[in-house]
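Got chain A; can you put chain B on it based on the hints?
Protein sequence lines, in the order shown, are assigned to chains A and B.
This note's numbering puts the first residue of the first sequence at 1, with every later residue one more than the last.
This note's numbering puts the first residue of the second sequence at 1, with every later residue one more than the last.
Treat the hints with care, as some may be off.
[Claimed, not checked] Residues of chain A placed beyond 12 angstroms of chain B at every Cβ, according to the derived structure:
(1) 1
(2) 26
(3) 33
(4) 47
(5) 50
(6) 51
(7) 57
(8) 75
(9) 79
(10) 88
(11) 126
(12) 131
[Stated by the list, open to error] From the structure, some residues in chain A lie toward chain B, with a derived Cβ separation under 7 angstroms:
(13) 8
(14) 13
(15) 39
(16) 76
(17) 109
(18) 113
(19) 118
(20) 122
(21) 139
Since the hints were made in silico from the structure, they are not lab data.
In this text the structure is predicted, and so the values were computed from the model without any measurement.
All residues carry an ideal CB built from backbone N, CA and C; glycine is no exception.
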Amino acid sequence: MGSVRQLEEIAIADCAWEIDAADLPDLFETAVRALAELTVDPATLAGTVEARIELRADSLDLLLFDFLSELIYRRDTDGVVFHGGRVAIDGDGPYRLDARLTGGRIDMASTMRSNDPKAVTLHQLAVEPHEGGWRARVVLDI
Amino acid sequence: MRAERVGECVWEIPPSEKPGMRVPARIYASEALFQALDQGVFEQITNVACLPGIVGRALCMPDGHWGYGFPIGGVAAFDARSGVISPGGIGFDINCGMRLLRTALTEAEVRPRLGELVDALFRAVPAGVGARGFVDTDVDTFRDVMREGAGWCVRRGLGWPEDLDRVEGRGCLPGADPDAVSERAVARGHRQLGTLGSGNHYLEIQTLRPDGIHDAELARAFGIERPGQIFVMLHCGSRGFGHQIGTDYLRAFEAVMKRYGIEVRDRELACAPFTSPEGQAYFGAMNAAANTAFANRQVITHRVRDVFASVFGRDARALDLEVIYDVCHNTAKLERHRINGAERDLLVHRKGATRAFGPGCPDVPPAYQRVGQPVILGGSMETGSSLLVGTATAMTETFGSTAHGAGRTMSRHQAKRQIHGRKLIRSMAERGIMVRAVSEGGVAEEAGFAYKDLRAVVDVLARTGISCPVATFTPIGNIKG
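Bound conformation, chain A alone (with noise of 0.2 angstroms):
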């Protein structure tokens, strides 16, 4: 699993990351379990639900960006918080990904929530090789 560093000193009232990871499939996997652990503590959750997320995008970065805003949405809709799975990443623009994620429920008297990130932004955001693996940077709106 890779690494998530807070950018502290960028869009402040929101959240900042830099992601860290060995190659692209880790890099969204570990974007996933950052944005389930800034929601809700993923241990609380109810019950567990599988899903398979497909998408395509021309560039990674916004694949990135299309990949979040689906976890952000199903959320908002479903109710459920992706915690884990694995993410394939394949294409060389476009770029497909076919996610196959687990997750639970929020259950609003037992799950501990946190933040409540709303949006993606494209505000410096960026896909790109660093240092023999990958490093993500995104900004979400809290």
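Frame of chain A, contents of chain B only:
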């Protein structure tokens, strides 16, 4: 980046400072606030000054800080024929805004029942991530909400008819187009009507300290009569619905900019010509979201009235739970302004900035024509919030705009490292402020020290004449997501 001091609290960055700047950028700040500004404000407000069709100056209010696209506190006006519309100049939380209610209650009456009141409000108004609203709207009904805004609520008995007289635009912006809204946005939004949200959103019970009245005559115009009087303040917006519309059109605009020959310095400033099909579609969708935000604050007001009536055993009318005003701080609005002696139709973007029309302006409610449009500045939950009014100076200097709050000084993460939410809640209780929150971490993120001194922001607004202070309210009870 070089900024020249052109007034006691006004700093101007000339177009020569960045390639592509079409107009100067102005920052409203005292020396101390200016020196404390983060670098992002300078980059972002000068990026805004590069956008096509911008008129006059790009402006940043004294509560400004690093945002995305526009800085928070950013104001920019674009020619309605040749300019652009940008979701990054409005924010994802379309028509995030403030509503202030007065009551006839006193702190002496409320204090003994404060715990009961705060608990009841916390139960009545769903807050935090994942919350579902208490107003059941199916998809078709939600389209009516998009068109009618707060008026839909009043029609359904979720408000008083006179409430609409004291809401910006009577709680319904013209031009809402439900057909320009995606199914995904509706799916996110239609079950969130009547939710507070989280982050910096709150529902607060406030009192007036003896030193809280800055202008007694203006205060009387709003029914602000005496120290100890109790007020209720709401800060929330269009919830997931507005965010999804922002997301949808941000992606769409990024794809079409090349076709219109537009280049931006920050991708979050993705935009389209206002008169283009894409620009008009976003404007219609944005107004739909703005109207649902008015409706959201209206139905929460209805719940607040029910709770107060239940706790104090008196009808909400007997408690004088009247709306003082409801004002947006994330919108783009078509307005007519006088520029160099000529009237021009402008699309005024305000992101974390409030409209502040002066006395006599046609859009100011009849009851406030003499004093000017109320402006509500939400401060921190520890230090309080302020009411001001718009001025004639704002009309000539800032497209009738002013600040929206205190403005942050540090990131959420940094605030959380400095204090634990539980400790802060305990400390606030010792100081007479009762907090009920979904997330203790969320409380820590909103600590008073994470914000600028609201008094310093208000002081700049007063010294520059773009708003006139009326009163400052002190929190005694706070509901947070």
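Original post:
Of the hints given before, which are not true for this structure?
Top reply: 7, 8, 9, 11, 17
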